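Listed below are the residues making up each chain.
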Amino acid sequence: MYADYAYLIVGLPVLAFLLCLFVGSRLPRGGGFLTVLATFAGLVLSLGIFSEMYPDKIIHQSMPWFANFNVGILIDPLALVMLLMVTFVVTLIHTYANGYMNGDPGSSRYFAEAALFTAAMLGLIYADNLLQLFIFWELVGLCSYLLIGFWYRKPSAAAAAKKAFLTTRVGDVLFMAGIILLYNNLASLNIALKPGEYLLQFPVIYAHLTQIPPAQLTLIALGLLGGAVGKSGQFPLHVWLPDAMEGPTTVSAMIHAATMVTAGVYLVARMFPLFYAAPYGLTAVAAVGAFTALFAATMGLTAFDIKRVLAFSTVSQLGFMMAGLGTGAAVGTMAVGVAMFHLIGHSFFKALLFLCSGSVIHAVNTNDMREMGGVGKYMKWTMYTMLIGSLSLAGFPLFTGFFSKDEIIVIAYEYGVAINFLPYIFLVLAAVLTAIYTFRMWFTVFTGKERSDYAKHESPSIMIIPLVILAIFAFGFGIAAQGGFYSYLDSNFGHYDVNFNELAVIGGHAAEETKLAGEPAAEPLASEAGEGAKAESKAEPAEPWYIQILPIIVALGGILTASLFYWDKVKKFDPSLVTGDKDPLRKLLLKGYYQHEIMTAWFAETIVYGSALICNVIDIKLVDGWLNWLSALVMGFAQHVRKVQSGVVQNYITALVLGVVVLVVVITMAKEVGLI
Amino acid sequence: MDFSHYAPLWGEALLTVLAVLIVLLGSLMKNSGKLMGYLSAAGLIAALGLVGSNLMIAKPTLFFFDTISVDALSQFFKVVFLVVSLLVVIASLSKYTGKGADEYFALLLFATVGMMVVASSIDLITLFVGFELASLSTYALAAFDKSRKNLEAAMKYFIFGSVSSAFMLFGFSLLYGMAGSTKLTVIASATIANFGPAALIALLFVIAGFAFKMALVPFHMWAPDTYEGAPPLVSAMLAAGSKKMGFAAAFRVLLVALMALRMEWYLAFAILAAITMTLGNLAACWQNNVRRILAYSSIAQAGYIAIGFVVVGKAYGLAPTTAFNGIPISPAQLGLAGALLLILGHALMKTGAFIGTAQVASMVSKNDANDPDDISNYAGLVSRAPVTALCMLIFMFALAGIPPTAGYFGKFVLFSSAIYSGLVWLAVLAILNSALSLVYYLRIISYMFLKEPAGPKMAEPKGYVVALVLTTIAVLYIGLFPQAFFDWAVQAAAVLLPQ
Amino acid sequence: MIPLELYILLASIMFTIGLYGLVTQKNGVKLMMCIELLLNSANINLVAFSAYQPNVNGQVFALFSIALAAAEAGVGFAIMIALYRLYGTIDLDTIKAMRW
Amino acid sequence: MISNAISLMIAIPLLGAAVSFFAGSKAKFVALIASLIPLALSLQMYMEFDKTSKMMQFVESYNWVPSIGVKYTVGVDGIGFPLVLLSTIVSILVIIYSWGETKKPNQYFALLLLNEVGVLGVFTSLDFFLFYIYWEIVLIPMFFLIGSWGGPRRDYAAIKFFIYTHVASLVMLLAIFALYFTYQMPDGSRTFDMLTLLKATADKNIFPTSLLNIIFAGLLLGFLVKMPAFPFHTWLPDAHVEAPTAGSVVLAALLLKMGGYGLFRIILPILPHVDKAFVTIIAIIAVLSIIYGAFLALAQKDIKKLVAYSSVSHMGFVTLGAVAFTTMSIQGAMFQQFSHGIITCVLFMSAGTIQHVVGTRVIADLGGLADRMPKFAVIMMAGFMASLGLPGMSGFVAEFMVLTGSFATLPTYTMIVVFLSIVTTAAYHLWAMQKAMFGPILKKYMNVHDPHAYELFSMSMIIVLTLIFGLQPGLITGMMGTAATQVMQPVMTLSQMGVI
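So the sequences go chain by chain: Z, S, A and Y.
If you're matching positions, the first sequence starts at 1 in our numbering and goes up one per residue.
If you're matching positions, the second sequence starts at 1001 in our numbering and goes up one per residue.
If you're matching positions, the third sequence starts at 2001 in our numbering and goes up one per residue.
If you're matching positions, the fourth sequence starts at 3001 in our numbering and goes up one per residue.
Simulated from the structure, these hints should not be mistaken for lab results.
Hints are not guaranteed to be accurate.
Claimed, not checked - Each pair of labels, with its calculated beta carbon distance range:
id : chain 1 : residue 1 : chain 2 : residue 2 : range
1  : S       : Ala1484   : Y       : His3273   : 44 to 54 angstroms
2  : Y       : Lys3375   : Z       : Gly610    : 29 to 39 angstroms
3  : Z       : Pro236    : Y       : Asp3450   : 57 to 67 angstroms
4  : Z       : Gly674    : S       : Ala1188   : 23 to 33 angstroms
5  : S       : Gly1422   : Y       : Ser3053   : 34 to 44 angstroms
6  : Z       : Val634    : S       : Gly1196   : 39 to 49 angstroms
7  : A       : Ala2070   : S       : Tyr1038   : 28 to 38 angstroms
8  : Z       : Val634    : Y       : Gly3024   : 38 to 48 angstroms
9  : S       : Ile1327   : Y       : Gly3024   : 48 to 58 angstroms
10 : Y       : Val3499   : Z       : Ala670    : 51 to 61 angstroms
11 : Y       : His3273   : S       : Ile1327   : 51 to 61 angstroms
12 : Z       : Glu605    : Y       : Gly3359   : 27 to 37 angstroms
13 : Z       : Ile553    : Y       : Lys3375   : 56 to 66 angstroms
14 : Y       : Asp3450   : Z       : Gly610    : 15 to 25 angstroms
Quantities reported herein were computed from a predicted structural model and do not represent experimental measurements.
Glycine included, every Cβ here is placed at the ideal spot set by N, Cα and C.
Please take these sequences and the hints and turn them into a complete structure.
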């Protein structure tokens, strides 16, 4: 019965949005509680639906929209785990925000936009067709734009908002191109659609992948990947994410860590069969992901703004997820489970970290870590919850991050065995750096002596409670959920008419065919629960022991290194050994590889705006110019013509006579040449 | 003795008698200007009634030893002339009231009679007499207010006019010499084409004579100066009336008597039309005197109308490929009909426009503007004299050929006939020209409506207003309900171009 | 009797002289005279032709045109006198206030 | 079922124009009523409109000038009716928006009504003669709106607008003549009946391709100039920059649509029978308009000029969709007409409001207005988002349909558009928003405030419309779809429809 109210999961936040927008300013705390309630209701509904559906049911409702498109709700395991995660995390963050945004004049606007965001995000998740997904995808982008620019009086905030919108827009263009391509390919198949079926619905897409020419599939896959890259801040479209930290910290936690940025990963997971079928589709995903993971991590090492550190780490972690999906080329659908697991886990501890940093910033009133330090003495709760988050992120054994991230490294190794070791190497290095920058941050903030005088008090409990809850999940989720999660996710594509063996052939995974053959994960209708688990257990022995323990070493080593640099108690080295702007390399890191200079200053402002100016000149001088030129010519000629009228009557007579003579001559000649 | 069979000509008779009467009365009773005005207005209305009573006359009826023919064509032109001079008279009621008004109205009536005679004469002698009657009276009218400008205008008009009528007469004499008769039909049947150069000379001399009245470049030189200098209402008469007389005569002589020389005058008019419309529009662009602008615009319009000759010359004898409402109409007929429609339309628009200028002049000259017709006096006219401004607006758009007006419909039919007979180049040229003409029409309009008023609100004299409103209504009516007029024009055309 | 060509020649010569005068002369009265030349050359034509024609239309036409020429002269001189009153001259090429 | 609904709808504003001209300061009430009735009529028509029939509906046909085969024939189908709806809606909103007009209000509102008459006439005429008359009449009110309520260079702009578009219409007229004199009814007579002539163009014996090409080019020019499409667009920015706000709104929202309407009603039925090179040419023109227009907008300093060029860019989608000639693309192009019609209103109204509240339109001089004009900021933001094609608003649906549909037949061009235009479009919108609205409020604007209620009202009304048609495009795409399929089949004459 919950399923019948699935639409409310989006409907209630929309309601909250409208209420906050129009009457919010008259409500206490800008009507924040409405947003919380709406989201919490969503959580309850999702749980109810989960209880109904688990283990092997899906919900699919659909109604026609316009032309040959529809709107619909599709809740399968993949969507459901996202729903649960988003509603849960966002509820907590909204609660936190009630404290954090308290007293801000625009708080009603904040909660309105936040509610709208929630609605859009949830709609994105359980859209049943690509167009609808795209629409919510864009709405999410809009909300991100609005919330980044929430403090619009700050020019930097306005600029960051614009940058975010435009950069993601670049990705969206590719996404849209992919959709157009996909639609036209499907349309050209003249599929006989059953009632209630529409071309862009995921089941329909899955079912007809085999009939689309592989080359087209690759193009489509690249298009969609482009969208994902833009939204999930993957290289080279990651530039907007660090700047996005201009928004309130809750926004960073909600949109730019836990939920929105994961939409890209979700999209790839959602379209996994397509990527799987497309030659080089998953390879591209793996490449982008692995590279971004390392690339972003290096930048995380040097940033001084605590939120930027977290932003870079988010980018890096999203890279992990992408890479995880990419390895699907080797391990089949199992990759989806692994990547999604890291996605969920990451959303817990990254949200936690952000909220903690927010709580710190709330007290210290600056983002700059160089002005913090020793905060731990005054903010115990914050310190320990953040410690849990950091350990989890660093992948400390038994913490969530350990299970999720390291599982990705493991399957990356399998990918290496099967295809190519580069992603594996990149990810391992990234993992080391992750541990380092995480604890660099933690030590710098909480240990040592105060480097500036700030309000020395703990944040209000309405902010602390969410931290604690999140901390629990950041620690326990891994242990609790791993096995069941994998099996549940593995069953996902079993609900649809999709044949991974054929897809593997199309996608050129024939090489791994032998390897995959034994894996139920790659078999059609691998729907029974536990199949995935079997796949797991089968996959495990594939790695030698050192691969198994390497992640642990990596995590511990990273933390140790960080402490040697930044923990005053055991300090051995001066941070300026690695940071600062003395030599090009360190400068390069500090400046984040000059990406801002290249993307904004050079490309946007010079190339694009310059060509616009050139167009303008052309338009004025040429396209419009010839008109003015012509009129000037005619008018000038007219000026001469009227001078013929001399005003002397004798001349008039002359003209008369000449007229007659000329006519006589002309006509006679015309007759001569036989013109008439 | 029974004159009843002269019934179709009572209109002319009435006006002649009335004119003489007015002169007599005028000499007897002093400052009876108003009375004269009303008398002549009444006379014109009556004449209009008489002419209208046998408008759709079936077959031509001939009078006076076959020198005068009353047929659809002649009636068409007579109606045009009568309407024009009626409007002028109405307008004049509020200008010519005092001493000398009797002469003014008498001359006006004589001119009208002259034109009517020309319209229906099918003999060179009567044609020449009518022509001169009209010319002489208008010479006098042009100088009527005896201001410096008047006299200069009259002088130029007179010299140029008499020279060109001399040309015409010489041409007539040659025609007579070649054909041995002055009857158009006889000349047509005579084989004058054999005389070669002489025939060509005769033709061009005749054309020169008519082209002077039609004001086709290069026989137009007098027109701008005269239209600018003469009393405004007289300019109206000249531009709208006597110009059309030129066309009436030209249609008769060329299409009946000189059809044998078709190719020659086809070429001649092709050249004249092209040059005329272009030069007229170009020269109008830079003028600051509104009446001069209108003068050049009416030269350009003459160029458009002359397309009618070209079409006829080109397409004469082509079988009709089109049945309009069941009646087959040949390209030539359509061209002539188009020319007639534009003549009708232009007569009205130009009368209106010149009456408008007359009114403005009369209003501003009270606060002695040095040149009452200068365009600066038209600034913000809409708030100074709303009715005048609105009517002028309609006339300007009509002259520019913006629908739904008489001007538009005339051009519509005429240009379409050009396409119909394959004269695409001419149609395109005409189209471009009417686009160019917008430059100065819009200039006047933007002065009247968009500029700040040049002075306080002004009282608008009754007579002018009545005339203007009547004209406006007519212009719009023809534009909105052209059906009857089209049929009428076609019937008139069929007189000269029977199937 | 005298051949027709000579009449036509005479007429043409008169006509040309008239035109020449019109184009070259300044004085209004002279211009009037030239116009008379033009008209009369035409009259000569008419009369001469009618002598060689069965009918007398030409002579009738000539009479009409003479009468009209007289009237024309009347109007013309009236204008000239008025001009002289206002301008103090009848050199027509000096009267060009209206042009362009 | 109202009889003669269309004639009534056209007659009432005409009457209203006459009345309000003499109504002095009361003119605005007259105008409101005189534009309310047509709106009511068109909504009534919407109710009665049969969205699935290929027939012309609400047809009225009377003899007018039988001698030359001119009839007074009006009627609407899926092509014309949405635009009729648009015209009535926009007209009344514009009148409400300019409620505070104090300079010669009687003329002002009379002209607005006259304009409504013109566009309604164009969208409903089914006789070339009638069509052309309305086509020309529309120029007049716009000329005066620009010329007497416009900015500093209004004379230049007004005259340029008038002559430029008039020349194009004259060329179109020549083409109409050619159609008229080439096709002959069975009884040997001629007709100006639009559908009959269009149907005849399919017959190679009557219209040899060589001739039809010329005719087609003439008609095409007439419409492309009106659209306006590159390279005939240069009259538009001048006209817009100088025009008063209401003038700009009407110009962009209604007058440009006449060009698009011409494409669907007249060009597309002929397109299959002319030289295939035309498809390429038009496609190139469309793509250039879209991209070039977007880049130009990016370069503008004046926010109104920016919006003007954005219209060029958006109307390019109409051309593209039309020439792509697939059901979906045509449907999308029609919807783009409608959607751009409403969206552009709010853009120009925003520009106008900024102009009269702040006193300048130069983007560089603005800043932080959101601080003082929160309501207005929200509306303007919504408008700009709609214009840059944000999903959930009508603009996106239209552009998505155009692009998806066009890809089937013109893949390369479509992809060029997708890659070059979308981001650029977003860029100039956001840039303008950011510079004008966000950032710290400038000292000199400390005392500006939200505009009058009536301005906000009409703007928010439009936003609501964009949302409605963005979330439920089916309201109107249905009839468009029918029309689109109809456009791709041979034309049906009225007699075949059995309506006369």
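Do the hints match the structure? See the list:
1. S:Ala1484 with Y:His3273: 44 to 54 angstroms: 38 angstroms, violated
2. Y:Lys3375 with Z:Gly610: 29 to 39 angstroms: Hint holds: Cβ distance 37 angstroms, inside 29 to 39 angstroms.
3. Z:Pro236 with Y:Asp3450: 57 to 67 angstroms: Given range 57 to 67 angstroms: violated, Cβ gap about 42 angstroms.
4. Z:Gly674 with S:Ala1188: 23 to 33 angstroms: 25 angstroms, holds
5. S:Gly1422 with Y:Ser3053: 34 to 44 angstroms: 42 angstroms, holds
6. Z:Val634 with S:Gly1196: 39 to 49 angstroms: Roughly 41 angstroms apart at Cβ, these two residues keep to the hinted range, so it holds.
7. A:Ala2070 with S:Tyr1038: 28 to 38 angstroms: Distance hint for Ala2070 of chain A, Tyr1038 of chain S holds at roughly 34 angstroms.
8. Z:Val634 with Y:Gly3024: 38 to 48 angstroms: 42 angstroms, holds
9. S:Ile1327 with Y:Gly3024: 48 to 58 angstroms: Roughly 50 angstroms apart at Cβ, these two residues keep to the hinted range, so it holds.
10. Y:Val3499 with Z:Ala670: 51 to 61 angstroms: About 54 angstroms separates the Cβ atoms of Val3499 of chain Y and Ala670 of chain Z, which means 51 to 61 angstroms holds.
11. Y:His3273 with S:Ile1327: 51 to 61 angstroms: Check failed, 32 angstroms falls outside 51 to 61 angstroms.
12. Z:Glu605 with Y:Gly3359: 27 to 37 angstroms: Cβ of Glu605 of chain Z to Cβ of Gly3359 of chain Y: about 29 angstroms, so the range 27 to 37 angstroms holds.
13. Z:Ile553 with Y:Lys3375: 56 to 66 angstroms: At roughly 60 angstroms between Cβ atoms, Lys3375 of chain Y and Ile553 of chain Z fall inside 56 to 66 angstroms, so the hint holds.
14. Y:Asp3450 with Z:Gly610: 15 to 25 angstroms: Cβ of Asp3450 of chain Y to Cβ of Gly610 of chain Z: about 37 angstroms, so the range 15 to 25 angstroms is violated.
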